[in-house]
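Q: Listed in order, the protein sequences are those of chains A and B.
Residue 11 is where the first sequence starts when you use my numbering, and the numbers rise one by one after that.
Residue -11 is where the second sequence starts when you use my numbering, and the numbers rise one by one after that.
Don't read these hints as lab results, they were simulated from the structure.
Ideal placement from N, C-alpha and C gives every residue a C-beta, glycine not left out.
Be aware that one or more of the hints could be misleading.
DEER-style ranges, computed between Cβ atoms [said to hold, decoys possible]:
1) S78(A) <-> Q252(B): 40 to 48 Å
2) D273(A) <-> T335(B): 47 to 55 Å
3) N70(A) <-> R215(B): 30 to 38 Å
4) D273(A) <-> E333(B): 55 to 63 Å
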Amino acid sequence: VTEDSRERGKIRRIVVAIDASRHSLAGLEAAVDLARQLDADLTGLFIEDINLLRLAEIPNSYQVGRLSLARKRLSQDEVRRQLSTQRSWAYKALESLCHRHGLRWSFQVQRGSILAEITRATDEADLTILGKSGWSDTRLVGSTAKALLADSGRLTLILREGVRLGRSVMALLDNSDASWEALEIASALPLADERKLVLMLLADSRQSATAMEREIRSWNQGRGFDLTYLWTQEPHPLIVCSIARTESSGILVIPREIQGFSDDDLAEVLNQITCPVLFVGSPAQAVH
Amino acid sequence: MAVEPLKPEQLYNSCDPAQFDFDTTADLPELQEILGQPRAVEALRFGIGIRQRGYNIFALGPEGIGKHTIVERFFREQAQSEPSPSDWCYVNNFRQSFRPKVIQLTHGEGIKFSKDMDRLIEELSSVIPSAFQSDEYRARKQVIESEFKERQDQAFESIQKEARDRSLMVLRTPEGLIFAPERDGQVLPPEDFQKLTEAERQKIEEDIEALQTILQAALEELPDWQRELRSRLRDLNREILSFSVGRLVETLRQGYAGYPEILQFLDDVQFDVVENSRDFLDAAESDPEARSAGLDVLQVGSQSGRDERLRRYRVNLLVDHSQNSHAPVIYEDNPTYQKLIGRVEQTARLGALVTDFSLIKAGSLLQANGGYILIEARDLLNQPYAWEGLKRSLQSGQVKIETPGQMLNSITTISLEPEPIPLDVKVALIGDRLLYYLLAQYDPDFKELFKIEADFDEEMDRQTDILQDYAQLIGTIAHQNGLLPLSRTAVARVIEHSSRMVSDSQKLSASMDTLIDVVREAHHWAETAGDSTIQAEHIEKAINAQIYRSNRLQERMQEEILRETILIDTQGEKVGQINGLSVLQLGNTLFGKPSRISAQVRAGKGKVIDVEREVELGGPLHTKGVLILSSFLGARYAGNLPLSLNASLVFEQSYGGVDGDSASSAELYALLSAISSVPIQQSFAVTGSVNQHGEVQAIGGVNEKIEGFFDLCSARGLSGKQGVLIPASNVKHLMLSERVVEAVRSGEFTIYPIEHVDEGIEILTGLPVGNLGQDGIYPERTINRLAQDRLNRMSAHRNWADEDSEDME
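Just chain A, with the same shape it has in the complex (with noise of 0.2 Å):
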């Protein structure tokens, strides 16, 4: 990663992590639209899940399946060709979607621990994506996404199955240096013609709310965005929920450390909300 890719609001590299899942396919959708519309380098990265491969190993391991219950052996070979045909399928996804839109891309296998490997590849990306949740079914924020909220790079885009990415965009903001780093990156991104933010203003009193929005007036100076201001004083991951759906808001900025909100308050923004969320990491924690 260069310096010059660490410019405020720049995304120069996309890492989108497909497994092959509905919601992995949601994210590839949405890297291949940022990579276009930002210009940039996108790469796939498929994990080979170090711990798959040693349950495989183990004796007399079983899959219980969803749909029809019955159990079935687990053995190796099953392992290893389920695993080549998740990655076979994600390579193809990749290669169609970036030829049809003329992207320059690349693809990584990685053998080894989801959490580690994601982790890994976000210290090379300037935008890491992936789906909510891997090939569970149920609705919660799965754990690999939960804690990459505790831990990763710069900006973690993390959305569900069956979402696209929309060109309206909210921000989430209070006062830090995050805030701040967020409305760039919110800035940033590919925007409806009419060039609007709506940015929610947390802040714990009307002049809170009304100096921040007067810095930010300051700062839209000779950028010319169509600004709308939303206050709240109650950090609550439902009330952002509610405002951004209210908005129809296509995309969700976050500053990944925000007044009032610990990681189980993001992980429960991620559980209730339908748009895609980016989170920011605070300029510190993106410069490894």
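Given the coordinates of chain A, assemble chain B onto it according to the supplied hints.
A: Structure of chain B alone, referenced to chain A:
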């Protein structure tokens, strides 16, 4: 017995322009009445007035006499006094979608009903999503969902906790879930697993098996939970929507209290809307709300997809009379089965052809329902199944829209069976006479369904009192066609041409199409000349131009005669040879052509050989004419004795067949000449049929025949001796061209009206025919005496020859 040649004024019935009291047709008002078709008009009046089943109209007559115009005019006049009929529409049948329901509404109500339903859908599209987005709905839904989600999460959390307690972890794959021994958040490496004691491994396997059993039990319950969730959400939807939807539908219901079918339809709509409320959510609204409400995401798509789904609540307004204040009059110019009866269209969806009530299209029969429809009979009969479809509709008194394949039971794919629509329409078929008589002869249904025969005449009497109206008609048509007005001399010339068209100086043509073509072309010449009125010379020029454009073959034939490739004498005299006259028709062109007819006689048993017939070039009418000659000769010369000659008759240089009996008088003259050995003047040509008594009878195409021979003589140089013998009964048909009339006037050409062959033979030979004396013998130096003597000699020769042959035996 001397026959007087015809005078010039007998050859052409001129129309005197002075009888008209106008300068140009622009001075005349438009003619309102129908001219010269009293029978057809009476039939039409009756046919339109009688409102009984089967009293439909067949307007028959030749092309171009205005059948269509007149019938349509009658229909329109009648329709003006009749009210606009009902509107018809199809709506979805919510119980049997393959059988759409038909609804009849007062005219103008159909479009209102259709718009009301569109508005209802629009309002529902707003009300239903709003209801789903309301705080009340969301809150109640969230409670239900949370309850189920918690139940599900608890189940999995409980399993995960159980797993953690047993130092196991859960892995997820595309196919299912796996329990594995855990160490430090990762699966225990296999080599470490191998290092475990047998008891430890046994314990892990037992734990895994126990957890798998618990997991299976939990997974088994999942579908039931989801079903329960969907059911409770549906109940919630029903509860939330019943009021808002019911209120909207009730408002609409009040406006249609007089239509029980509509009230039933609205009930069905209300029930269906509540049951399928997801159809009112577009993609944005439905995802994730629809899914979280247990709805099928695959069925919820784009805006256009939603419109398509909501189509079942709309109205297919099949027949809309909202803009009409009276009964409809429809002319179906392309009467295919589908255009006439209607059709059920299909549309491709996901690779398959599908259809529904909204794709039912009305045919022209339904558009004309309650009014009138005109159809060209030939076009109708040319279209597969169209005639059958029309008959079936008229017989049953209803229109059943189905594909021809359905009608024939030859297609078994699923389609619609729309409810039939009652039919009350007056149909007028327009066609030629042949078609009418063929249908009457061969189709037993025809007379049952088309009881009114409106027979249009191709000609009308040329009486003085009608000429003013005829002039008015010409002016009206010229005006309607945007042509210049005609001067009175031009009108007179058109009237003369009209008589010529029907080959009758005492008749006028009713074929206004052909006549107006002449006026149209005259208009062109007048415009080219910069005149503001069509004059007689423009009419003349148009007629001549028409003739010139189509007389190439006529000229070629005359050229071949002049070059003596085809042998026709127009001077001198010959025994047993005469110029007959025939008429050829090529397309719309009719022209006369002289033909040499020759006869040879010898002793025999009284047989007249028709060479044309022997080689199968003669038609039955020609053969009949020749047989009549035999009878005439036998009666005149043989009495009670057998006719002792054999004769042969030939149309020289005829290669294309001969029919008709118009040459029979000429053949008789040739035979008499051959029998009597008296030569015939070749400067004459002859036409006319003859009966057994020798009377000469009328033939067709007399004008063209005379002109054909005249043009040949004229080309060779008129000698003053040339002329034509025509039946006296054809004199009234003479409308000869100016060039012939002038030649007659100047004595260069003669036309004789002949009533009996005796008159003709005297003119042709210059000898008297001779009357039979008391002694049974004709006078000396008469045709009959010479013929009788020859026949007697032949009879003697024959008797002598017969005796010889008996001796030899």
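Q: Hints first: check each against the structure and report whether it holds.
A: Status of the hints after comparison with the structure:
At about 47 Å, the beta-carbon gap between S78(A) and Q252(B) stays in the expected band of 40 to 48 Å. Between D273(A) and T335(B) the beta carbon distance is about 53 Å. The supplied range of 47 to 55 Å therefore holds. In this structure, N70(A) and R215(B) meet the distance hint of 30 to 38 Å, their C-beta atoms being roughly 34 Å apart. Taking 55 to 63 Å as the suggested C-beta distance range, the pair D273(A) and E333(B) conforms, at roughly 59 Å.
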